[in-house]
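Asker: Here are the chains, one letter per residue:
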Amino acid sequence: MNESLPSQLPSPLRSPLLSLKAISKTYGAVQALKGVSFHVDAREVVGLIGENGAGKSTLMKVLGGVIAPTGGTIAIEGREHASLSVPQSLAAGIAFVHQELNLFENLDVAANVFIGREPRYGGPLRLVDNKALHARVTPLLRRLGCDFSATTRVADLSIAQCQMLEIVKALSLDAKLIIMDEPTSSLTTSETSRLLDIVADLKQSGVAIIFITHRLAEIERCADRVVALRDGALVGGLERADIRRDAMITLMIGRSLSTLYTPPATAPLAPVLELDAFTTPAYPAQPVTLALRGGEILGLAGLMGAGRTELARAIFGIDRPAGGALRLNGRPVTIRSPRDAIRLGIYLIPEDRKHAGLILESSIAENIMLASLRSISRGNLVDTDKGERIALAQQKSLRIKAPSVDERAGSLSGGNQQKVVLGKWLCMQPKMIIFDEPTRGVDAGSKSEIYALMRKLADEGVAILMISSDMEEVIGVSDRVAVMHEGAITGVLGRDALSEASIMHLAVGDTVH
Amino acid sequence: MLKKDLGLLVLIVVVGAVVAVINPRFISPANLANTANLIGLFGLFAIGEGFVIITGGIDLSIGSVFALLGVIFMTLLSTDGVNWMVATALMVVAGLVIGLIHGFLVTRLRMQPFVVTLCGLLIYRGAARYYTDDGTAGFDFGQTFPTLEWLTTGHIWGVPNSFIAFVVIAAIMAVVLHKSVFGRYLFAVGKNEEAARYSGINTRAVVVASYVICSGLAGISSVYFAMYTRSVAPASHGTFYELYAIAAAVLGGCSLRGGEGSILGIALGAVLLQILQNLVNLLGIPSSLNFAVMGGVIVLGVLIDSQLQQLRQRRAALRPLPEQKAVAKA
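If you read the sequences in order, they're chains A and B. Quick note on this note's numbering: the first sequence kicks off at 107 and runs consecutively. Quick note on this note's numbering: the second sequence kicks off at -7 and runs consecutively.
These are calculated hints, taken from the structure and not from any lab test. Every value quoted in this text rests on a predicted model; they were computed, and no experiment measured them. We put the CB at the ideal spot given by N, CA and C, even for glycine. Do not rely on the hints blindly, as some may be mistaken.
To be verified - In silico EDC-like links for lysine to aspartate or glutamate, alpha-carbon gap of 16 Å or less:
| # | chain 1 | residue 1 | chain 2 | residue 2 |
| --- | --- | --- | --- | --- |
| 1 | B | K(-5) | B | D297 |
| 2 | B | K171 | A | D491 |
| 3 | A | K460 | B | E186 |
| 4 | A | K140 | A | D280 |
| 5 | B | K171 | A | D337 |
| 6 | A | K502 | A | D512 |
| 7 | A | K309 | A | D280 |
| 8 | B | K171 | A | E494 |
| 9 | A | K309 | A | D147 |
| 10 | B | K(-5) | B | E186 |
| 11 | A | K502 | A | E555 |
| 12 | B | K(-4) | B | E186 |
As the list claims (entries may be wrong) - Only some residues are given here: those of chain B computed to face chain A with a beta carbon under 7 Å:
| # | residue |
| --- | --- |
| 13 | V173 |
| 14 | N184 |
| 15 | Y190 |
| 16 | S191 |
As the list claims (entries may be wrong) - Pulled from the structure, derived: some chain A residues nowhere near chain B, Cβ distances all over 12 Å:
| # | residue |
| --- | --- |
| 17 | S130 |
| 18 | E224 |
| 19 | A347 |
| 20 | M410 |
| 21 | A428 |
| 22 | L434 |
| 23 | D446 |
| 24 | Y453 |
| 25 | V488 |
| 26 | G582 |
Next up, chain B with everything else stripped away, as it sits in the complex (with noise of 0.2 Å):
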């Protein structure tokens, strides 16, 4: 674990236990379920945020993303009675072919991803919009699809199902990025992607590679939020919400620069926002500054870390130079 998840878990910790004393039903059972099926929601999409980052990259489309392909999602599962599973594979393999098409203009056609994206953003919420003729999608009377409802929104022991996909998809992406060969080319393209080019490693796939997992777990995401909310109003569903994966993974150790970032970290991220929009609900501050209250623990946490960055640099240059010291042993 690294110096800076750490961190990011004592305040975790700190502000937790500082809300708890002051509202006690912080640690209820209900509200801490409810806050852990948010963090899994948020969560979700956050770590596939994180790999374009860590390549250099951002992608703003994942609010509108949710929008079109929730809106799709219960089109087909309502009006066309499309058989859920079959209907879940088509948004997750929509993901990833939105995301081949966002890596595609950045590497081929040399576009930045931040146009790419916000031109994505715009482009996926009309789309949307025009889709249902800007009227809410939503389930017809009486239906259910069990299993979904229980994968998506069901618990196990009182632990949401979404915390535990979210966990389980953690679990898998922090094998990939920390332990796999593609994660290792991941953080050489983003540190620097010349020496990477010139080491042999084919750049362009990587890049791709990493829109591709971000937008498939938008995807997966955009079931999720259109079953926790069961209706999906295009003009208002999921805007924003790409803002929250930025925000967690700026938070959680990710460079816009790129190179830089851990799963933990991204994770843990996603855990703080959530909880910070829980206090602001428990503490009786007005929810109107919620954004607010987001955005300034985000400018303390960062600007902290690069003054103890700074700070750590100083003493690391107040050491002898590695040569100095072989020699000295030598």
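Extracted from the complex, chain A is given alone in its bound form (with noise of 0.2 Å):
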């Protein structure tokens, strides 16, 4: 499949530099990319919009060569491929600025850049050839204006010197194409304006860019046009003239929701779980105030990094709170570590199920028992039928498929073993659970399940806080959702004020109107 397939007939006018035709890509039932068509010109920035999942991080995949698509054409300057693979990617001038940055912090700038290709002496030896090294790297580091130097140490580097120093990489390729992926998601304001103005440099300088962000104030500022991908598809583009936030929103969001609804039994009860100026180490100028009552499901609305999985962990002890109070019930508490969070009754089913939720190569019953070990024992030792009788009866109420209790949580499916994850907290008195992403990596069926299980959950009394980045999932299951946006809460709405575009206003930082 890697093989290019012969170049079509030269056309009569300029190719594009790239051309994608009806890519799409599946993943068993799930179709990633549904027959995505756009083109990017030399000299041209390409904003790519979406909604989390929307499939831009496959489409730059594909692009990449890191995924073959199942389907569609890319062409590179008319030079029609099926796929591409890593190296013929790079060798057709294809270079990625990730959001996680890819570098070796013990090394310094100018290794960083050549990695993998250092120039060489002569010689049985072939030692590296630093001098050359340098004199390579320097004129790259001029042209960007980079404030530091090729000697420097990449630990020693901030954040946006390192973004800028991805740059300097893909520019020491010869990239004619630079996707830059969330560049600006950890850069503060003026660092973020920087990165913009060398984008229109290299834009001047015969670049061209796709740049992919949640930050639609950038791509009015920088982008040349815009597309839209929602769903794996492309659902539509706006010229320069037309690029203005409303448009971009409505482009993103419109797509009809089922209604899986479920309302409360009852009237929310008095607030469980208070927030007051409470503040995570990750942004410790953004004091969040929220109150979480008994009996509702709120929902914790936002897009990646907005710093919701961070508010998630301090209040669960896992970080320490940089500030601000938390109070249980009225009455004032400290949680200094997740056994606290769990002797008042608060639970955490976190978003990395595999290394935080789970022991994988632990039995069901060793997972399932593992945080209320004390109360299985007697005078210190593990009442061993104890805890298969409760780890027994989690797995029929929550309908856990496998053989016996005894078959390791790393054999499940996501669902199951997300399941897992429920019955280790089920088992005790939950007073507040905190889901974050729930069903992520989860079966439809199982998908259903958790979401009858909060409400249940709730109606019985308990809190629940649900993080996801799913909207359906938000709009669906939630009876308030809070939106955060870059460490604070933007916004509560109520379920009338409920709406994908009210959301994603939030999300993207505008406040109500």
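Bring the two chains, given one by one in their own frames, into a single complex with the hints.
Answerer: Structure below.
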């Protein structure tokens, strides 16, 4: 699949730098990309927008040669390919500047730029020619106006400087197209402004750029054209004159959501957990004030990196809060560790199920018992029979599909693994449960079971905080939705004010009109 | 009993039988008692090492602890005339304190266990040599401690008391590791520290406890070794002994990555190592090859075990998924 098709007849017009035709990608029954077509010309900045999970990352992986599309063609300067390999993509001049940086902190700037293709001296030892290395990197640094030198250790660079270094790396590869995936997500306002200037300079020098970001203001400033993805399909584009915030939001949303909402059985009760000017170490300058009532499901929406998981971690005692106070049932509490939180009846179902939620090599029963071993023991010795009974009861009530509770947790499907994590908490008395991305990697059947369970718990008086990046889930499950942007709560929406547009406006940092 | 432990037991029986056939002196009461004594001495602290290894750590300092506590113990008894019960208790307390320091450095100051205990190995050895000015510490002429000597080097019906002590402590530790809440926590921390923390386990306390148990048992062992040799030369006493413990744990099924191991396995590992030592003597193999034989057997044992495990996994992969089975049952 990797060899290139013979190039078609040269078109009379100059062909675009990159042209995607009907690219699709399916994973089993899931269609991640549905016939996406668009092109990028030289000297052009194309903004790529879309919600979390719209297919942006998959599309970029296709361009990077990391995954092969199941259909469609990729044409680079007129040469058509069914798929790209990583070396092909590099040779075609496509370079990436990733959100997470891929740098070697222990090496200096020059070594990072030329890692794996260092200039060598001749002779039998083929030693690295450091002089030539630095001589080649320094002009590139000057071209971008970097304020660090080729010999600076990467560990000493700021995040913005690292981002710059990634661009230097791309230029050193003679990139014709640079794909920037959320390059500004960890930059300050002035650093962002500097980066956008560099984007403009690069464009002037003939480089094309695909700019992916959740920050629409940046697109407004730098993009010549916008294309929007939604649910794996291209839903439209905007030309320079039409690039406006509202227009972009309309493009990103507008999908008809099936209504799976079940209203609560009772009116919400008194607040269970109150956050009072609570701050996380990730966003120490953004105090969060929020009340979570018993019997309700409070959705916590926002784009990636909005600080939702950080908030959950601080409440649960994984990270020390930077400031503020917590009240549980009206009484002030201090939570210094997950142990403290669990003792108070506050449980977390973490986002990272495989590392933080489960011990994959242990059995279902061992995982379910892990948090409540003290109460399953007599005189400090584990009562295995009692533990087994509790695990079996959870397996039955949660319908965990496994031949026995002695099965390794790692051998289960995502949905069943998530149920095991749930079982661990449900065999104790919860006052509040934080679900962080509860249905990521979970099949449709288990999804609806988990939703039903959340509602049942809420109706029993448990307070539920659900962090979710899935709009359908946020709107379909929550009684109220708090939206975060860059560490701050930008608004709380009641059921009647809930729409994809209202959430999206808050998620990109607009305040409610 | 795990398949692993059973395999090890079979290996011990086979090796023992072969040696016994070649040289019947192997099963003479004197030789068996002597080997049992060594198994007891070396098994005791191997159990402690096992606890640390299960958390994913390592303790390299045990041999030096023997030297340091050994010279102090000897001096307390001979020069200072301290009561033997007080002196023994002091040694155990000293061991516990050393473990506490190791655990503190590993958990609170986030130093790597290898580095912490390697520095321990160097420091305690140096301190021991400085303490006696490189002289050998021993009892004064004619000094005897009948009860202590009976406890450490005596016999009951021909069975060395060191071996009995080992069996008793192994049994207690087996309950702690395999039946208690703490044991469950220990395995959980070794397998996935993050998930353990998210489940409300005080992972730091668990890790510290493992080092305290390890060095505490080393404290008891140091009394046994001092009474066994009756004189402690600080430059050589106990050198490399921590490696016997690590070898026994690894032979017994502990993974240096943590999260795996059993007391029975470690005990059997200690038995096999001493039988190998004994075999070198009895079969007329040059004693200079002693370590080479041990190393060779460990490499083979671990290799066979990992190959068998891969085979089992490949077979398991061919089985239908548990879900499909459950669906088929329904």
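Asker: Does each hint hold? Answer for all of them.
Answerer: Now the hints, each set against the structure:
no.	hint	in the structure
1	B/K(-5) <-> B/D297	holds, 10 Å
2	B/K171 <-> A/D491	holds, 12 Å
3	A/K460 <-> B/E186	holds, 10 Å
4	A/K140 <-> A/D280	violated, 31 Å
5	B/K171 <-> A/D337	violated, 51 Å
6	A/K502 <-> A/D512	holds, 14 Å
7	A/K309 <-> A/D280	holds, 14 Å
8	B/K171 <-> A/E494	holds, 14 Å
9	A/K309 <-> A/D147	holds, 11 Å
10	B/K(-5) <-> B/E186	violated, 29 Å
11	A/K502 <-> A/E555	holds, 13 Å
12	B/K(-4) <-> B/E186	violated, 28 Å
13	V173	holds, 5 Å
14	N184	holds, 4 Å
15	Y190	holds, 5 Å
16	S191	holds, 4 Å
17	S130	holds, 28 Å
18	E224	holds, 31 Å
19	A347	holds, 50 Å
20	M410	holds, 21 Å
21	A428	holds, 20 Å
22	L434	holds, 16 Å
23	D446	violated, 9 Å
24	Y453	violated, 9 Å
25	V488	violated, 6 Å
26	G582	holds, 26 Å
The earlier numbered hints that this structure contradicts are 4, 5, 10, 12, 23, 24, 25.
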